[in-house]
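Engineer: Turn these sequences into a full structure, and let the hints guide you.
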Amino acid sequence: MIKKIVFYSGLMILVAGLSMAQVWKAPDQEKAKERAKERVKFVKEYKNEDIILHKMALVEKGITHKDITENYFLLDSPIIKEREDHYGPVRFAHKRHAALIEDCTACHHYRPKDESMSETTRCSACHQDSFNPEHPERIGLKAAFHQQCTECHQEKQDGPVTCTGCHLKNVPDHKDLVKLADGADAFEVTAECLRCHDQAGEDMLKTAHWNWRGPSPFTVEHRKDVQHGKGTTALNNY
Amino acid sequence: MQLTRRNFFKFMGVTGASAAAAPSSAQAWQSKAPPDPYGCLVDLTRCIGCRKCEEGCATVNKLPAPVKATCDCTVFEKKRRPDVNAFTTVNRYFSGKLDVLDKPSPTYVKVQCMHCQDPACVSACISGAITKKENGTVHYNVDRCIGCRYCMVACPFEIPAYEYHDPITPEVRKCTFCFDRISKEGGLPGCATICPVEAITFGKRETLLKLAKQRIKSDPNKYVDHIYGEKEVGGTSWLYVSSVPFSKLSFPELPETPSPKLAETIQHSLFSYLWSPILLFGFLGGMMYKFDKKDENTQDKGGA
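For the record, the sequence lines run as chains A and B.
When the letters of the first sequence are read in order and numbered with my numbering, they come out as residues 15 to 252.
When the letters of the second sequence are read in order and numbered with my numbering, they come out as residues -15 to 288.
Please keep in mind that the hints were generated in silico from the structure rather than gathered at the bench.
We put the CB at the ideal spot given by N, CA and C, even for glycine.
Hints may be right or wrong, so weigh each one.
[Unchecked claim] Calculated pairs, DSBU-like style, for lysine-lysine (alpha carbon to alpha carbon, straight line, at most 30 Å): (1) A:Lys127 with B:Lys197; (2) A:Lys170 with B:Lys188; (3) B:Lys63 with A:Lys58; (4) A:Lys193 with A:Lys220; (5) A:Lys39 with A:Lys58; (6) B:Lys52 with B:Lys117; (7) B:Lys81 with B:Lys62; (8) B:Lys63 with B:Lys52; (9) A:Lys193 with A:Lys109; (10) A:Lys220 with B:Lys63; (11) B:Lys87 with A:Lys193; (12) B:Lys206 with A:Lys127; (13) A:Lys183 with B:Lys62; (14) B:Lys188 with A:Lys61; (15) B:Lys52 with A:Lys95; (16) B:Lys197 with B:Lys16; (17) A:Lys51 with B:Lys168; (18) A:Lys61 with B:Lys206; (19) A:Lys75 with A:Lys220; (20) A:Lys170 with B:Lys46.
[Claimed, not checked] Label-pair distances were calculated between CB atoms; the ranges are: (21) B:Ser227 with A:Arg227: 22 to 28 Å; (22) B:Val51 with A:Lys189: 48 to 54 Å; (23) B:Lys117 with A:Trp224: 24 to 30 Å; (24) B:Glu237 with A:Glu202: 40 to 46 Å; (25) B:Thr58 with A:Arg227: 24 to 30 Å; (26) A:Tyr101 with B:Glu237: 37 to 43 Å; (27) A:Gln168 with B:Ile200: 56 to 62 Å; (28) A:Lys220 with B:Val51: 47 to 53 Å; (29) B:Ile200 with A:Gly173: 55 to 61 Å; (30) A:Ile115 with B:Val137: 37 to 43 Å.
[To be verified] According to the in silico footprint, chain B covers these stretches of chain A (three or more CB under 8 Å from chain B): (31) 38 to 50; (32) 104 to 110; (33) 143 to 155.
Structural biologist: Below, the structure is given as structure tokens:
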């Protein structure tokens, strides 16, 4: 009996240890990451038909936004990363966009000429590397994403149109950038931050966090507050 | 042989005749444009004014970071020109065009060396420091430059900049068309690589011209029917298409004749077979001879 208890408790500790070692990862995010790494075969020829005809073809075949399986994609590809890498990928809520506008042809503007291929294809099937001399009229994947998203967002007056509205900037590894002696005090740490982010320092001096009284346009629910600051409502330790 | 008045006029007549024949026998001006250069097509309808091209240019050419690089719109309040530390700049223009909400819609214009097919700067350069390469680049070689800055005077686009702050080793600085990068197979200019909307299309100039014509033809409502750089100063490697007339966007109105044509024609016809120096010095020699003789006569008379 004691042997059994010892054995099972040992087994439980082992299982617990193993599961602790594995960091939990969001399955849909992992799937999206894997999908973003894929390369698909280049579609050389597309069917140059009127967008209305294309829309009708989709209706006839009964393809609607309900056929979408993935909730979202990461708009990323090795095609783009090969050239440059400044921003993180955009998380594009495919299903949500489709449900909102209920028009697949807003993005899936043409279909491959090969009738055996599916009616809608990925962006990266037709739009790959930029400046392909064989297809000069075909824009690259990065430009296709940007033109498609921004133009529609501008037209509909909805959705972000700035760089950081969709992307997170690739933050460089600060391990090498920050140069601080061991046991540095708070002032030294602040000075080190300001060495590069001097603008952030200057901006802070204009906020209610620094001034006795002043506006606080970026503080939620205090945007129109002109008498904010440590002289009135806010507390801080400066 | 004694040069009599008659002989002198004979000599002059012969030289004059040969001089008149010389320019026609000398070859007419011929373009030295490379047959199949690279180029870039800038589509101003696509440009969103993000100034990533300035950033990309600074990175690949190891220039200081552009002013207010982080999407700061106040930078557009002043029109900027390329200078020694920035080979390209983006300017904003309000031409009266309105967007969907009837708000003034900006047009952004990227400025850099146009890499002319027959560059005025190459023609003006007296030391051969600037050359037009086969791939379309107007290339500057600092080792040959003597700092005369004729290129700066000659350029119809006012592009070359000079390092006035450096008295010891000053250089003329301008867009290099990323010569080293595009000389490699599959290499791209820094600005074209980074552009998020492909407002800059890199390719062979012939292909780009076809592409530009196709874009204008497929959407004549959107574009003005003019490819800037197709014919200006005999053609440039960089081409522009726009929805706003180019005259409203500070593009200089230029003739279709290549800039070096007139100057080179005059120069080449003046100096072919050295006829003009021969004529000049012949004439001066004749005059000297004549007046010298006169002087002798007067001296003789005076001495007598």
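Engineer: Now, for every hint given, state plainly whether the structure supports it.
Structural biologist: Hint-by-hint comparison with the structure:
no., hint, verdict
1, A:Lys127 with B:Lys197, "holds, 25 Å"
2, A:Lys170 with B:Lys188, "violated, 36 Å"
3, B:Lys63 with A:Lys58, "violated, 43 Å"
4, A:Lys193 with A:Lys220, "holds, 27 Å"
5, A:Lys39 with A:Lys58, "violated, 37 Å"
6, B:Lys52 with B:Lys117, "violated, 34 Å"
7, B:Lys81 with B:Lys62, "holds, 20 Å"
8, B:Lys63 with B:Lys52, "holds, 14 Å"
9, A:Lys193 with A:Lys109, "violated, 45 Å"
10, A:Lys220 with B:Lys63, "holds, 29 Å"
11, B:Lys87 with A:Lys193, "violated, 48 Å"
12, B:Lys206 with A:Lys127, "holds, 28 Å"
13, A:Lys183 with B:Lys62, "holds, 28 Å"
14, B:Lys188 with A:Lys61, "holds, 26 Å"
15, B:Lys52 with A:Lys95, "holds, 26 Å"
16, B:Lys197 with B:Lys16, "holds, 25 Å"
17, A:Lys51 with B:Lys168, "holds, 27 Å"
18, A:Lys61 with B:Lys206, "holds, 24 Å"
19, A:Lys75 with A:Lys220, "violated, 60 Å"
20, A:Lys170 with B:Lys46, "violated, 40 Å"
21, B:Ser227 with A:Arg227: 22 to 28 Å, "violated, 48 Å"
22, B:Val51 with A:Lys189: 48 to 54 Å, "violated, 29 Å"
23, B:Lys117 with A:Trp224: 24 to 30 Å, "violated, 56 Å"
24, B:Glu237 with A:Glu202: 40 to 46 Å, "violated, 59 Å"
25, B:Thr58 with A:Arg227: 24 to 30 Å, "holds, 27 Å"
26, A:Tyr101 with B:Glu237: 37 to 43 Å, "holds, 40 Å"
27, A:Gln168 with B:Ile200: 56 to 62 Å, "violated, 22 Å"
28, A:Lys220 with B:Val51: 47 to 53 Å, "violated, 21 Å"
29, B:Ile200 with A:Gly173: 55 to 61 Å, "violated, 30 Å"
30, A:Ile115 with B:Val137: 37 to 43 Å, "violated, 56 Å"
31, 38 to 50, "violated (count 0)"
32, 104 to 110, "violated (count 0)"
33, 143 to 155, "holds (count 7)"
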